[in-house]
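Protein chains: 2
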Amino acid sequence: MDIREYLKEQADLINDKIREYIPSGTPKKLFDAMAYSLMAGGKRIRPVLIVESAKAVGKENVEEIIDIAVAAEFLHTYSLIHDDLPAMDDDDLRRGKPTCHKVYGEAIAILAGDGLQSYAFELVSKNKNISSDKLVKVINILAHGTGIYGMVGGQAADILHEKENSFDDIHFIHTHKTAKFIQSCCQIGAVLSDASKEEEEALKNYGLYIGLAFQIWDDILDEIGDEEKLGKKTKKDREKNKLTYPSVYGLEKSKNIAKNYVEKAINEIKILKNPEILQEIANYIISREV
Amino acid sequence: MDIREYLKEQADLINDKIREYIPSGTPKKLFDAMAYSLMAGGKRIRPVLIVESAKAVGKENVEEIIDIAVAAEFLHTYSLIHDDLPAMDDDDLRRGKPTCHKVYGEAIAILAGDGLQSYAFELVSKNKNISSDKLVKVINILAHGTGIYGMVGGQAADILHEKENSFDDIHFIHTHKTAKFIQSCCQIGAVLSDASKEEEEALKNYGLYIGLAFQIWDDILDEIGDEEKLGKKTKKDREKNKLTYPSVYGLEKSKNIAKNYVEKAINEIKILKNPEILQEIANYIISREV
Chain A
1 MDIREYLKEQ ADLINDKIRE YIPSGTPKKL FDAMAYSLMA GGKRIRPVLI VESAKAVGKE
61 NVEEIIDIAV AAEFLHTYSL IHDDLPAMDD DDLRRGKPTC HKVYGEAIAI LAGDGLQSYA
121 FELVSKNKNI SSDKLVKVIN ILAHGTGIYG MVGGQAADIL HEKENSFDDI HFIHTHKTAK
181 FIQSCCQIGA VLSDASKEEE EALKNYGLYI GLAFQIWDDI LDEIGDEEKL GKKTKKDREK
241 NKLTYPSVYG LEKSKNIAKN YVEKAINEIK ILKNPEILQE IANYIISREV
Chain B
1 MDIREYLKEQ ADLINDKIRE YIPSGTPKKL FDAMAYSLMA GGKRIRPVLI VESAKAVGKE
61 NVEEIIDIAV AAEFLHTYSL IHDDLPAMDD DDLRRGKPTC HKVYGEAIAI LAGDGLQSYA
121 FELVSKNKNI SSDKLVKVIN ILAHGTGIYG MVGGQAADIL HEKENSFDDI HFIHTHKTAK
181 FIQSCCQIGA VLSDASKEEE EALKNYGLYI GLAFQIWDDI LDEIGDEEKL GKKTKKDREK
241 NKLTYPSVYG LEKSKNIAKN YVEKAINEIK ILKNPEILQE IANYIISREV
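Chains as they are written, first to last, in the working numbering: chain A, 1 to 290; chain B, 1 to 290.
Derived from the structure by calculation, the hints contain no laboratory data.
Just to be clear, a hint being listed does not mean it is correct.
[As the list claims (entries may be wrong)] Mimicking DSSO-like on lysine-lysine, the simulated pairs with C-alpha atoms at most 27 Å apart in a straight line are:
1. B:K242 / A:K242
2. B:K55 / B:K8
3. B:K8 / B:K240
4. A:K137 / B:K126
5. B:K8 / A:K126
6. B:K134 / A:K134
7. B:K134 / B:K17
8. A:K55 / A:K259
9. B:K197 / A:K128
10. A:K128 / B:K240
11. B:K229 / A:K28
12. B:K128 / A:K134
13. A:K128 / B:K126
14. B:K197 / A:K102
15. A:K128 / B:K28
16. B:K55 / B:K134
17. B:K240 / A:K28
18. A:K137 / B:K17
19. B:K137 / A:K137
20. A:K126 / B:K102
21. A:K240 / B:K28
22. B:K197 / A:K126
23. B:K242 / A:K102
24. B:K236 / A:K29
25. A:K137 / A:K28
26. B:K126 / A:K204
27. B:K128 / A:K137
28. A:K17 / A:K229
29. B:K137 / A:K128
30. B:K128 / A:K126
31. B:K134 / A:K197
Working from the sequences, and respecting the hints, build out all of it.
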């Protein structure tokens, strides 16, 4: 099995489900803006991790949790829309396409992000296959991982960072901005498949390590990636004076740190029933070109 | 009992609880921005309605649902922060104080709003007194009432409205922007106190009607209110060419429409065990000066 091909297939499946769950309503422009950003492409790595983490513990019927996987992508998409805003990272392009506020204006982009966030929690709360006890836990993990103690906190730190004390700052930013949400996805997969405490802990650690590797590799790609493949300008981080791993540690050391995290991630999940695909995903993260 | 005094006492109790539940953490500026907007005053009408709706059905121990009432105010505060942004209503003052983005900058204001939203769902998910079945229902009602089919949808319609077809537009905007969230609070009170289907329906209708009366009265106060008491400039809506009840129906007819909603609201909840306070709140809404 080629992991790239496998992930592409899984992303296509998730895309079909996202299309199915895209809400429609009035005012049309708000719903169009949400759909535009949801369907603007992407690796769908967070929903895939929810599904694959559940499978790794032994879950067979993943159809009954697919709406929760979709909800995670709704949250990711909301964060991208807000991150791209002029007051934030001020990006005109994302994956080669104009960003949400470029097409629909800033006000609608802010509201599309807000609406995707609330709709993600609404989606999870509507799931009828999973027990309420588990749904409450999933909502808690998602809200925590994407909120002030996770993604939102990390994005704030990224914007506010001070160049002094970079070693601590870069680790805080990457952990919170990216790794905690990815960790949440892996933990949710565990919760949704009746994992033991030990298995849940293993998946949490795996998620944190690959989340960190993922963001370091993104920093590296921003430095040395192919603009055409990435669908965006590279060296943006440097232009914007962003704190990145290559800027703090240099390119080679950054690669080694990422590799080290991937090894730790792979090691963590050896105890699972079916760890293979997650292990390949970990390796894929630090070999990808986009 | 004087309802103004009673509501003031209840708001003080809610303020104490908000203070207790305000999160702290890193980066400090993000948490400061959230706390600043949370403690900037306000009538706390949404949390009060959750508590009073529960009491109206017969709930005695409201302490065990107070965190959910606080979560509703977190959601309301997030919406105010985002509504005030330059790309939205562009307001410098709220309740006589500089708005969040004026003090902390736009990026942090956007993130403070985002973080208050996710933390509201996190708070509800952490409640240990209420069954998971009920918590999932509460989360569903909150996400729906504040999301794309409620508050966010209404705010988008408000921004996008076209002056033609004003009668339909103004009703859509008020219903979604304000009434649905207030309705959610009343319904949540019902859910949290084991209301019968009939009682829950009565509280839903009550909430919708007072929500509409509330927003119409806000429009009226914007037209004729006392700037000093309100802590903000009046006639802002007119300046901004906003669709309001007075602009569509005139002042007197608007007052009558609001009164009519209040009568319907009072009538709806006659079947409840203790309807009195909610009925007084309904009357208060169309007699308030702030």
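Here is how each hint holds up against the structure:
At most 27 Å may separate the alpha-carbon atoms for a hinted pair to count; K242 (chain B) and K242 (chain A) exceed this at roughly 40 Å. For a cut-off of 27 Å, the pair hint linking K55 (chain B) to K8 (chain B) stands: about 17 Å separates their Cα positions. With a C-alpha separation of about 32 Å, the suggested pair K8 (chain B) and K240 (chain B) falls outside the 27 Å cut-off, and the hint is violated. Annotation: proposed proximity of K137 (chain A) to K126 (chain B) holds, straight-line Cα distance about 9 Å (limit 27 Å).
Restraint check for K8 (chain B) and K126 (chain A): not satisfied, since their Cα atoms lie roughly 36 Å apart, outside the 27 Å limit. Distance hint between K134 (chain B) and K134 (chain A) is fulfilled; the C-alpha atoms sit about 13 Å from each other, no more than 27 Å. For the suggested pair K134 (chain B) and K17 (chain B), the alpha carbons sit about 22 Å apart, so the restraint of at most 27 Å is met. Using a Cα cut-off of 27 Å, the hinted pair K55 (chain A) and K259 (chain A) holds, with the two alpha carbons roughly 25 Å apart.
As the CA atoms of K197 (chain B) and K128 (chain A) are separated by approximately 20 Å, the hinted pair is consistent with the 27 Å bound. With a C-alpha separation of about 44 Å, the suggested pairing of K128 (chain A) with K240 (chain B) is violated against the 27 Å cut-off. With a C-alpha separation of about 38 Å, the suggested pairing of K229 (chain B) with K28 (chain A) is violated against the 27 Å cut-off. Proximity of K128 (chain B) to K134 (chain A) is assessed by CA-CA distance (about 14 Å); at most 27 Å being required, the pair is judged to hold.
Note on K128 (chain A) and K126 (chain B): the hinted pairing holds, with a Cα-Cα distance of about 21 Å set against a maximum of 27 Å. Distance restraint check for K197 (chain B) and K102 (chain A): the Cα-Cα separation of roughly 46 Å exceeds the 27 Å cut-off, and the hinted pair is therefore not satisfied. Taken as a hint, the K128 (chain A) and K28 (chain B) pair is broken in the structure, with Cα atoms around 39 Å apart against an allowance of 27 Å. Restraint check for K55 (chain B) and K134 (chain B): the C-alpha separation of about 17 Å stays at or below 27 Å, so the hint holds.
For a cut-off of 27 Å, the pair hint linking K240 (chain B) to K28 (chain A) stands: about 22 Å separates their Cα positions. Pair hint K137 (chain A) plus K17 (chain B) holds up; C-alpha atoms about 24 Å apart against a cutoff of 27 Å. With a C-alpha separation of about 14 Å, the suggested pair K137 (chain B) and K137 (chain A) falls inside the 27 Å cut-off, and the hint holds. With a CA separation close to 38 Å, the supplied pair K126 (chain A) and K102 (chain B) exceeds the 27 Å bound.
With a C-alpha separation of about 22 Å, the suggested pair K240 (chain A) and K28 (chain B) falls inside the 27 Å cut-off, and the hint holds. Proximity of K197 (chain B) to K126 (chain A) is assessed by CA-CA distance (about 19 Å); at most 27 Å being required, the pair is judged to hold. A hinted pair counts as satisfied when its Cα atoms are at most 27 Å apart, and K242 (chain B) with K102 (chain A) qualifies at roughly 24 Å. Simply put, K236 (chain B) and K29 (chain A) have alpha-carbon atoms about 25 Å apart, close enough for the 27 Å limit, and the pair holds.
With a C-alpha separation of about 33 Å, the suggested pairing of K137 (chain A) with K28 (chain A) is violated against the 27 Å cut-off. Our distance criterion of 27 Å between C-alpha atoms is met by K126 (chain B) and K204 (chain A), whose separation comes to about 19 Å. Between K128 (chain B) and K137 (chain A) the CA atoms are separated by roughly 12 Å; this keeps the pair inside 27 Å, and the hint holds. At most 27 Å may separate the alpha-carbon atoms for a hinted pair to count; K17 (chain A) and K229 (chain A) meet this at roughly 25 Å.
Distance restraint check for K137 (chain B) and K128 (chain A): the Cα-Cα separation of roughly 12 Å lies within the 27 Å cut-off, and the hinted pair is therefore satisfied. This hinted pair checks out: K128 (chain B) and K126 (chain A) have alpha carbons roughly 21 Å apart, not beyond 27 Å. The straight-line distance between the Cα atoms of K134 (chain B) and K197 (chain A) is roughly 26 Å, inside the 27 Å bound, and the hint therefore holds.
Hint check: violations occur at hints 1, 3, 5, 10, 11, 14, 15, 20, 25; the rest are consistent with the structure.
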